[in-house]
Amino acid sequence: MSGTQEIRVLVVEDDPVAADAHALYAGRVEGFRVVGVAHSRAAAVRLLDRVPVDLILLDLYLPDGHGLALLRALRAAGHAADVIAVTSARDLAVVREGVSLGVVQYVLKPFAFATLRDRLTRYAEFRGAAGEASGQDEVDRALAALRAPQPATLPKGLSGPTLEAVTRTLREAPAGLTAAEAGTAVGISRITARRYLEHLVTEGRAARAPQYGQIGRPELQYRWRETTR
6 MSGTQEIRVL VVEDDPVAAD AHALYAGRVE GFRVVGVAHS RAAAVRLLDR
56 VPVDLILLDL YLPDGHGLAL LRALRAAGHA ADVIAVTSAR DLAVVREGVS
106 LGVVQYVLKP FAFATLRDRL TRYAEFRGAA GEASGQDEVD RALAALRAPQ
156 PATLPKGLSG PTLEAVTRTL REAPAGLTAA EAGTAVGISR ITARRYLEHL
206 VTEGRAARAP QYGQIGRPEL QYRWRETTR
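Residue numbers (our numbering): 6 to 234.
Worth flagging that the hints you see were computed from the coordinates, not collected in a lab.
C-beta atoms are modelled at their ideal positions from N, C-alpha and C, and glycine is treated no differently.
Treat the hints with caution; some may be incorrect.
Computed Cβ-Cβ distance ranges for the label pairs, DEER-style [stated by the list, open to error]:
1) 10 / 223: 49 to 57 Å
2) 179 / 35: 18 to 26 Å
3) 48 / 189: 42 to 50 Å
4) 69 / 165: 34 to 42 Å
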């Protein structure tokens, strides 16, 4: 997006850790600048009244109302910012209502940086389309950039289904797991499980700490970071 105006982003997320992570992710994508973070519907409204915003990364579960209620109020007040919903909500009726209110993309929690980067890059491509379309094909191409995101690329040697299995296993273990325990639960080796667990740590989805109290070298204990709902 060199030479074009930056896209100003507002992050609306009630969990401070998740909000910081989303702001960090968005700020790492070329052409995007985070201009504010709000942890509630009321805070988002106040910020939008003061700061110009092009794109809102919107959590749908806020402490003082649903994210779509916030979006309805913004539209009624004349705010035209586009919205990418960043949420764990999977109800397709909510998805349809969001589309009718101007939600241009959905990013389901938990997600990796590559997932949000892909959505933002495609949104920028769609937003950057200008002029008059020469025909139906050009209109279709513009919409395809927005509506057909590519799967996020995982590091070499990692697979999506196995990552989902490790993620699910870790989330279901409040006390945490070692790599050996995760491997046994998923049906993979300890070394392989450790690679997936380290990937989750790198993406900010998990935390690790040494587990003491046993004979020999302490093992690393991995725990899911409860930053999503």
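Open item on the list: Hint by hint, where does the structure go against what was stated? Just the numbers, ascending.
Closed with: Hint 2 is the one this structure does not satisfy, whereas the remaining hints hold.
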